[in-house]
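Residue numbers (the numbering used here), protein chains in the order written: chain A, 21 to 233; chain B, 21 to 233; chain C, 21 to 233.
To be clear, the hints were calculated from the coordinates, so they are not data collected in a lab. You may find that some hints are simply not true.
Sample of chain A residues at the chain B side, in silico, Cβ under 7 Å [to be verified]:
#1 31
#2 35
#3 38
#4 146
#5 172
#6 225
Even glycine gets a Cβ: it sits at the ideal position worked out from N, Cα and C.
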Amino acid sequence: MKWIDAPWIELLRIALEVAATVAFALSGVMMAARKRFDAVGVCVVAFVSAFGGGTLRDLLLDQRPFFWVRHTEFVWGILLLSLAAMLFMRQRHFQPTERAMLLPDAIGLGLFAAVGVDIATAVGMPALIAVMMGVTTGVFGGVLRDVLCNEVPQAFSDHRPYALCAFAGGWADVALRQVEGTVVSPLLACVLITAGLRGLALWRNWELPAWRV
Amino acid sequence: MKWIDAPWIELLRIALEVAATVAFALSGVMMAARKRFDAVGVCVVAFVSAFGGGTLRDLLLDQRPFFWVRHTEFVWGILLLSLAAMLFMRQRHFQPTERAMLLPDAIGLGLFAAVGVDIATAVGMPALIAVMMGVTTGVFGGVLRDVLCNEVPQAFSDHRPYALCAFAGGWADVALRQVEGTVVSPLLACVLITAGLRGLALWRNWELPAWRV
Amino acid sequence: MKWIDAPWIELLRIALEVAATVAFALSGVMMAARKRFDAVGVCVVAFVSAFGGGTLRDLLLDQRPFFWVRHTEFVWGILLLSLAAMLFMRQRHFQPTERAMLLPDAIGLGLFAAVGVDIATAVGMPALIAVMMGVTTGVFGGVLRDVLCNEVPQAFSDHRPYALCAFAGGWADVALRQVEGTVVSPLLACVLITAGLRGLALWRNWELPAWRV
Chain A
21 MKWIDAPWIE LLRIALEVAA TVAFALSGVM MAARKRFDAV GVCVVAFVSA
71 FGGGTLRDLL LDQRPFFWVR HTEFVWGILL LSLAAMLFMR QRHFQPTERA
121 MLLPDAIGLG LFAAVGVDIA TAVGMPALIA VMMGVTTGVF GGVLRDVLCN
171 EVPQAFSDHR PYALCAFAGG WADVALRQVE GTVVSPLLAC VLITAGLRGL
221 ALWRNWELPA WRV
Chain B
21 MKWIDAPWIE LLRIALEVAA TVAFALSGVM MAARKRFDAV GVCVVAFVSA
71 FGGGTLRDLL LDQRPFFWVR HTEFVWGILL LSLAAMLFMR QRHFQPTERA
121 MLLPDAIGLG LFAAVGVDIA TAVGMPALIA VMMGVTTGVF GGVLRDVLCN
171 EVPQAFSDHR PYALCAFAGG WADVALRQVE GTVVSPLLAC VLITAGLRGL
221 ALWRNWELPA WRV
Chain C
21 MKWIDAPWIE LLRIALEVAA TVAFALSGVM MAARKRFDAV GVCVVAFVSA
71 FGGGTLRDLL LDQRPFFWVR HTEFVWGILL LSLAAMLFMR QRHFQPTERA
121 MLLPDAIGLG LFAAVGVDIA TAVGMPALIA VMMGVTTGVF GGVLRDVLCN
171 EVPQAFSDHR PYALCAFAGG WADVALRQVE GTVVSPLLAC VLITAGLRGL
221 ALWRNWELPA WRV
């Protein structure tokens with residue numbers, strides 16, 4: 021499968037990871053701000069939100085070096101972004117609301133799921149595991165963020181479809197890979213379906229079945 | 021040691037992991053139900069309870085692919101089990117009690133400890149590390165479950181012997197391996213001693229020394 | 021770089037890890053005592069506090085076997101230390117205070133940071149990643165301890181410089197390595213700067229910029 025190493029595919033992958041990384045880092049900054057963490061805590065939570073899902077995926081798949089080791093400019097970027105966001109929020113007395121997190125979060129979820137499915141497929145994982153790695157990449161940055169902040173993980177308890185959107189997008193990605201010769205349309209389908217479903221779920225107020233004991 | 025690759029030993033190992041996996045997954049479903057997680061949270065917590073200990077062990081021992089990657093039918097099984105348990109519990113207005121968790125939990129603890137000791141020994145770990153890997157396999161699924169549910173880990177704080185039973189069973193396993201040529205009686209001894217001690221501890225209300233400051 | 025394998029450097033490294041390990045294990049014992057964990061919980065939290073940071077570093081750098089697998093006498097040591105500390109604290113009705121944790125913690129932070137930078141440099145990591153691995157080695161034992169104890173990680177939220185001291189010490193270490201032919205003065209500089217800054221920060225009541233939204 022020679023397209024895997026084609027330079028522009030590698031470039032597309034990096035572009036996807038940049039956009040998603042910034043989105044998740046900001047969600048981490050906002051959560052840390054709400055918990056009144058100090059500057060170190062804000063930077064660490066931003067880093068874990070941004071790279072936690074991908075790093076867990078690479079640990080599970082035994083892929084090294086990690087994305088952020090190969091591209092240390094990303095780590096510098098997250099540090100600067102966190103400090104800039106802190107300064108900006110303090111000056112504007114900007115109260116980070118949950119609503120402000122929703123859009124970057126939905127796009128980041130789709131982008132990360134696509135990257136995760138892509139990498140897991142490239143190392144020969146079966147379809148279900150590839151989809152799980154996509155979901156893990158998208159969701160576990162936020163889960164680790166919530167665990168570090170001593171919160172119940174939002175992804176498991178707010179009854180709004182989140183991981184499920186990435187699950188659907190991941191299966192679309194895997195299915196399209198069977199019929200397509202190229203990797204571009206599966207990637208795009210995964211991003212669009214995941215982010216679209218997430219947007220639709222928020223807009224229409226879809227709820228996962230509540231647990232009534 | 022040619023028995024390690026004998027097909028029926030491999031079969032015994034898989035049978036042990038199936039039984040223990042179901043037991044722990046159910047404990048995860050019940051905990052997630054008590055925390056009122058949504059369907060995604062229930063499935064993830066069931067998965068982490070069932071595979072968390074073994075996955076952490078394999079990460080620490082650098083063993084891959086993981087059990088659930090080699091046998092994806094297990095992941096499907098956990099998904100179906102979680103959904104079935106949710107439906108059943110909702111229909112019967114079944115309140116999952118702590119008591120209902122105790123029996124499958126004790127058996128799962130013994131089974132997982134045996135598997136963990138076995139795998140660590142097979143890759144040449146020293147006795148203490150093999151026992152620790154047995155305890156990790158048995159206990160850390162539950163610890164990760166509690167961390168994800170934002171609870172103080174039960175295994176560390178309820179003052180009832182739990183990890184200690186697996187510790188005793190693990191040492192029996194390791195000791196028997198020194199004198200026996202086969203691997204079956206050590207495995208069985210580990211399961212029986214661990215589960216037996218746990219049952220005895222619950223029945224006689226044994227308590228670990230309380231901490232009085 | 022032949023000094024990396026010189027026997028006395030290896031000895032210095034082990035001596036550093038012994039001292040730091042004891043310091044962090046005691047911080048774990050004290051935290052577990054405050055949470056009223058049982059004997060198993062105290063031992064596990066002591067173990068995670070002592071080896072968590074280094075184990076996470078080795079997982080991320082894919083270095084195995086772990087320190088505590090190569091030197092199982094350390095695991096025995098932690099077990100005995102935990103039990104001894106419990107007995108001593110119970111007999112003396114010793115209330116573990118936060119103040120009593122500060123000195124061993126500061127020294128342990130410096131020692132672990134030096135070890136982390138050293139190992140990451142030895143496997144060819146870039147400067148920023150080496151510093152991050154130093155910080156991780158020093159700080160994440162405590163973070164994992166707090167996560168297991170269901171507490172907000174102190175390192176992120178108490179507004180007193182902690183990880184930042186290790187960050188400064190780590191950069192001093194990396195910078196000195198560029199100009200020095202030996203590894204001793206960078207290691208010493210890292211320990212002294214980290215522990216010194218931490219001590220100074222506590223003595224002068226330095227505070228990280230508070231987050232005011």
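- Of all the hints given earlier, name the ones this structure violates by number, lowest first. The structure breaks hints 1, 2, 3 and 6; every other hint is satisfied.
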